[in-house]
Amino acid sequence: MNKKSRIALLILIILLIIFNKSRINPYYSQIIQMIAINAILALGLNLVFGHTGQISIGQAGFYALGAYTSAILEIKLNVSFLIAWPSAVILTCLVAYAIGKPILKLHGHYLAMATIAFGMIVESLATNWLPVTSGHDGIYIPTREVLGPLVAQNLFEIVVISTGFLYVVCENIEYSRIGRAIRSVRENEIGASAIGIEHSKYKVMMFVLGGGFSAIAGIFYAHLNTVITPEVFNMHTSIQILMIVVLGGIGSNIGVVMAATIVTILPELLYGFAGYNILVYGVLVCIVLVFAPKGLFGLIEYPKRLKNKLFVKEGGNGIT
Amino acid sequence: MALLEITGLVKKFGGLTAVDHVDLIAEKQKITGLIGPNGAGKTTLFNMVGCTLPVTEGKIVFDGRLDLTKMAPHKLVYEGITRTFQIEKLFKKMSVLENIMAAYYPHTRTNLASAILGLPIVKREELEVRAKAIELVEEFGLGSILNVLAGNLSTGQQRLVEIMRAVAGKPKLLMLDEPAAGLNTIETENLLIHLRKLNENGLSLLIIEHNMKFMMRLADYIYVLNFGKLIAKGNPSEVCNDAEVVKAYLGKEYRHA
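For the protein sequence lines, the chains are Z and D, in the order given.
Note that the numbering used here has the first sequence beginning at 1, numbered continuously upward.
Note that the numbering used here has the second sequence beginning at 1, numbered continuously upward.
You may find that some hints are simply not true.
[Unchecked claim] Derived PhoX-like pairs: lysine-lysine, alpha-carbon spacing no greater than 20 Å straight-line:
| id | chain 1 | residue 1 | chain 2 | residue 2 |
| --- | --- | --- | --- | --- |
| 1 | Z | Lys201 | D | Lys75 |
| 2 | D | Lys70 | Z | Lys201 |
| 3 | D | Lys30 | D | Lys197 |
| 4 | D | Lys59 | D | Lys75 |
| 5 | D | Lys93 | Z | Lys294 |
| 6 | Z | Lys105 | D | Lys75 |
| 7 | Z | Lys105 | Z | Lys201 |
| 8 | Z | Lys304 | D | Lys75 |
| 9 | D | Lys172 | D | Lys30 |
| 10 | D | Lys70 | D | Lys132 |
| 11 | D | Lys123 | Z | Lys3 |
Derived by calculation from the structure, the hints in this document are not laboratory data.
Source: prediction; values computed, not measured.
All chains, full assembly: derive it from the sequences and hints.
Here it is as structure tokens:
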């Protein structure tokens, strides 16, 4: 990540915080928070799917684990959030490790099925384990009491800054030895092991990291929404996270954040279509995929490619 | 001195014996060739040395001390063996530079934690690896395709990239599986020059090849496999005139070559 984009990110975060503090419209603040949460979820999946090439349609499972663990610890066991939040992330990572270790030996459709199954198991646990999760009644989290007034008031800032931090983490990973290693695994596992990369290790590592990201998103969601119910964490959510990654241009962090923004705002804008919003939504996604197969990131790059095409420099692109 | 020593190597696929009690020695700083008709078991043997295929019976000893029969394939490069594949296993959606940079993996140390935090060490290592990779690519005369996606290259260039990737791992023994297959005359010449140069710099090579002329000009010592059995060995001219080799593989007109 270069200096320019670091500064741009910093400015964006400051602007968002100023916007929130000036209390122009709490509805907009809420949407920004949802964008941040979706971005964290998608950045996590992007590590697994975009960079390492391992599909996961069970991210909502980790999302739920993060949300429920933190909520249960705080509400039912009266643990301070300072302990509850890290415990929720660590527990989710451990679960991701236990699940990922065996199922990441699978490829393609089989891996997709296994991750779907994981998501469904978590969802039905949340629905049916009544004494712990309260099932469909959900858990109510009085954010102000749990976090204390100071943290609760600044939750927006915490969420936005964390998102920025996680974005930087993703960028740092991408442009490092680790990033190259996981991309090698995505491109060719046998080729990767021929140059000394243990592919199973990196697949599990990224799966755990992706799970951790989801858990963080889950914790934020639980405390922003103040109520968590199993329906929020169903397969539809998993698919939506996957869709954000695909829409953003698989493997591009900035594209994924843009896609998270669009996917979060779009349903709000399409509110007027009532029952047809899913239809409009689907058509829009199809249009993006047809005209920008590399996702939104491909669209950003388009002017650059056009310039290359028009003013071919010697050795510039090199494809002869 | 023997760098790689294979004794009594056997591979059975059910009832089929693909490699049948083969003994083979790859000398240090020499180019050892392995030839034979299709289905002779050359690649099977290679895959056993490359640890991607379990051995039924026999011993593979590297550097006089290391048993390769029970190693994980990703550990080979740390011991000093790298390989290329018959069907290239390049990272096609990564640029040539990135392909080569990735191959410096065993010789770099950035771990997940330092990568996440973006420590200065990571950046320094990144620049170092980049410089080394560019140097290597330019040594192979491919500086002009540095930023091209590997999947967009011609077969000849892809071969070279895969060889560069194997060289980047700083091996003692480089194993090449049919490096000249599908290359035209100029590309083959080019490959020959590069391989000789690597050998002169002290690298030992073990090569499977179908192109006899190529092998005759390159190899110091040749082993011939047929139906999994070793039928001849010797320096190129000896092998060329061996009656059984001529019958099984080369054809009569080769006797006079």
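Tested hints:
Straight-line distance between C-alpha atoms of Lys201/Z and Lys75/D comes to about 13 Å, which keeps the hinted pair within the 20 Å bound. Using a Cα cut-off of 20 Å, the hinted pair Lys70/D and Lys201/Z holds, with the two alpha carbons roughly 19 Å apart. Straight-line distance between C-alpha atoms of Lys30/D and Lys197/D comes to about 12 Å, which keeps the hinted pair within the 20 Å bound. Note on Lys59/D and Lys75/D: the hinted pairing holds, with a Cα-Cα distance of about 18 Å set against a maximum of 20 Å.
Note on Lys93/D and Lys294/Z: the hinted pairing holds, with a Cα-Cα distance of about 13 Å set against a maximum of 20 Å. With a CA separation close to 19 Å, the supplied pair Lys105/Z and Lys75/D stays within the 20 Å bound. Straight-line distance between C-alpha atoms of Lys105/Z and Lys201/Z comes to about 11 Å, which keeps the hinted pair within the 20 Å bound. Only pairs whose Cα atoms come within 20 Å are accepted, and Lys304/Z paired with Lys75/D is rejected, the gap being roughly 41 Å.
A hinted pair counts as satisfied when its Cα atoms are at most 20 Å apart, and Lys172/D with Lys30/D qualifies at roughly 11 Å. Straight-line distance between C-alpha atoms of Lys70/D and Lys132/D comes to about 32 Å, which puts the hinted pair past the 20 Å bound. Distance check on the hinted pair: Lys123/D and Lys3/Z sit about 13 Å apart at the alpha-carbon level, within 20 Å; holds.
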